[in-house]
Amino acid sequence: AQSVTQLGSHVSVSEGALVLLRCNYSSSVPPYLFWYVQYPNQGLQLLLKYTSAATLVKGINGFEAEFKKSETSFHLTKPSAHMSDAAEYFCAVSLVTGGGNKLTFGTGTQLKVEL
Amino acid sequence: GAGVSQTPSNKVTEKGKYVELRCDPISGHTALYWYRQSLGQGPEFLIYFQGTGAADDSGLPNDRFFAVRPEGSVSTLKIQRTERGDSAVYLCASSFKGGASYEQYFGPGTRLTVT
Numbered sequence: 402a403q404s405v406t407q408l409g410s411h412v413s414v415s416e417g418a419l420v421l422l423r424c425n426y427s428s429s430v431p432p433y434l435f436w437y438v439q440y441p442n443q444g445l446q447l448l449l450k451y452t453s454a455a456t457l458v459k460g461i462n463g464f465e466a467e468f469k470k471s472e473t474s475f476h477l478t479k480p481s482a483h484m485s486d487a488a489e490y491f492c493a494v495s496l497v498t499g500g501g502n503k504l505t506f507g508t509g510t511q512l513k514v515e516l
Numbered sequence: 002g003a004g005v006s007q008t009p010s011n012k013v014t015e016k017g018k019y020v021e022l023r024c025d026p027i028s029g030h031t032a033l034y035w036y037r038q039s040l041g042q043g044p045e046f047l048i049y050f051q052g053t054g055a056a057d058d059s060g061l062p063n064d065r066f067f068a069v070r071p072e073g074s075v076s077t078l079k080i081q082r083t084e085r086g087d088s089a090v091y092l093c094a095s096s097f098k099g100g101a102s103y104e105q106y107f108g109p110g111t112r113l114t115v116t
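In order, the protein sequences belong to chains A and B.
Using this note's numbering, read the first sequence as starting at 402 and increasing by one per residue.
Using this note's numbering, read the second sequence as starting at 2 and increasing by one per residue.
The set of hints was computed from the structure by calculation and includes no laboratory data.
Bear in mind that the values here come from a model prediction, so they are computed numbers and not experimental data.
A couple of the hints might just be wrong.
What the hints assert, rightly or not - Some chain B residues judged to face chain A by a derived CB distance under 8 Å, without partners named:
#1 P9
#2 V13
#3 G17
#4 G29
#5 T31
#6 Y49
#7 G52
#8 A56
#9 G86
#10 A89
#11 F97
#12 A101
#13 E104
#14 Q105
C-beta: ideal position from N, C-alpha, C; glycine also.
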């Protein structure tokens with residue numbers, strides 16, 4: 402079975418500070434990994450994904466994540482937080498079965514950005 | 002273009018009643034997924050359709066839950082004899098095809114409350 406663990410259900414940063422959201426995965430096969438963002442009353446939006454190409458993945462809105470197999474991690478970072486980054490972030494791992502891309506999500510991290 | 006839409010946005014029903022939740026995927030997307038998001042949790046996979054057929058229904062919690070996609074486009078999630086534990090946000094996602102290289106686009110969800 403595959404799973405992800407997100408450390409820290411709530412993270413608070415100052416505007417302009419580094420954002421670091423942690424994700425560790427467990428997978429019996431090489432994983433595909435994803436970060437999604439969810440704004441209030443909106444659907445999940447894909448930030449970035451790792452599908453076994455480059456280990457450093459760049460996404461939208463200045464976010465990036467690095468796949469580290471030795472640490473089984475896929476942490477999300479952004480050099481400088483903006484107020485508009487306040488949202489809930491989900492890490493996910495996929496299991497490709499029957500041709501489908503079934504996503505297993507972590508419990509989410511709520512990011513708060515303060516002035 | 003139009004994204005994934007879900008109706009209704011909110012549904013309140015009494016315990017024991019039957020409910021139907023509808024998902025309109027992005028036009029041309031052959032893969033469709035249903036997830037359930039309980040309060041404070043990440044989305045959990047329910048079922049995956051490739052075209053008209055359910056390719057993976059391993060996430061449906063019990064036989065009270067059923068989903069159809071008769072023409073390979075719109076899908077309906079059906080819940081019989083609802084229980085208070087069914088209260089959650091039900092998310093639908095679609096992708097061009099089923100593989101991990103194809104992004105899943107999520108709808109805003111239907112918030113189901115069982116009283």
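Verification of the hints:
1. The beta carbon of P9(B) comes no nearer than 14 Å to any beta carbon in chain A, farther than 8 Å, and the hint placing it at the interface is violated.
2. Checking V13(B) against chain A: minimum C-beta separation of about 17 Å lies over 8 Å; hint violated.
3. Residue-level restraint check for G17(B) is violated (minimum Cβ-Cβ distance to chain A is 28 Å; threshold 8 Å).
4. At its closest, the beta carbon of G29(B) sits 17 Å from a beta carbon of chain A; the interface hint therefore is violated under the 8 Å criterion.
5. For T31(B), the shortest C-beta to C-beta distance to chain A is roughly 10 Å, which exceeds 8 Å, and the interface hint is violated.
6. With a cut of 8 Å, the hint placing Y49(B) at the interface with chain A holds, because the nearest CB-to-CB distance is about 4 Å.
7. Because the beta carbon of G52(B) sits about 10 Å from the nearest beta carbon in chain A, more than 8 Å, this interface hint is broken.
8. For A56(B), the suggested interface contact is upheld, since its CB lies about 4 Å from the closest CB of chain A, less than 8 Å.
9. Contact between G86(B) and chain A, as hinted, is not supported at the beta carbon level, the nearest pair being about 18 Å apart and thus beyond 8 Å.
10. For the restraint placing A89(B) at the interface with chain A, the shortest Cβ-Cβ distance is roughly 13 Å, beyond the 8 Å limit, so the hint is violated.
11. A distance limit of 8 Å between C-beta atoms decides the matter here; for F97(B) the minimum to chain A is near 11 Å, and the interface restraint is violated.
12. Proximity of A101(B) to chain A holds as hinted, the smallest CB-CB distance being about 4 Å (cut-off 8 Å).
13. Because the smallest distance between the Cβ of E104(B) and any Cβ of chain A comes to about 5 Å, under 8 Å, the interface hint for this residue holds.
14. Checking Q105(B) against chain A: minimum C-beta separation of about 7 Å stays under 8 Å; hint holds.
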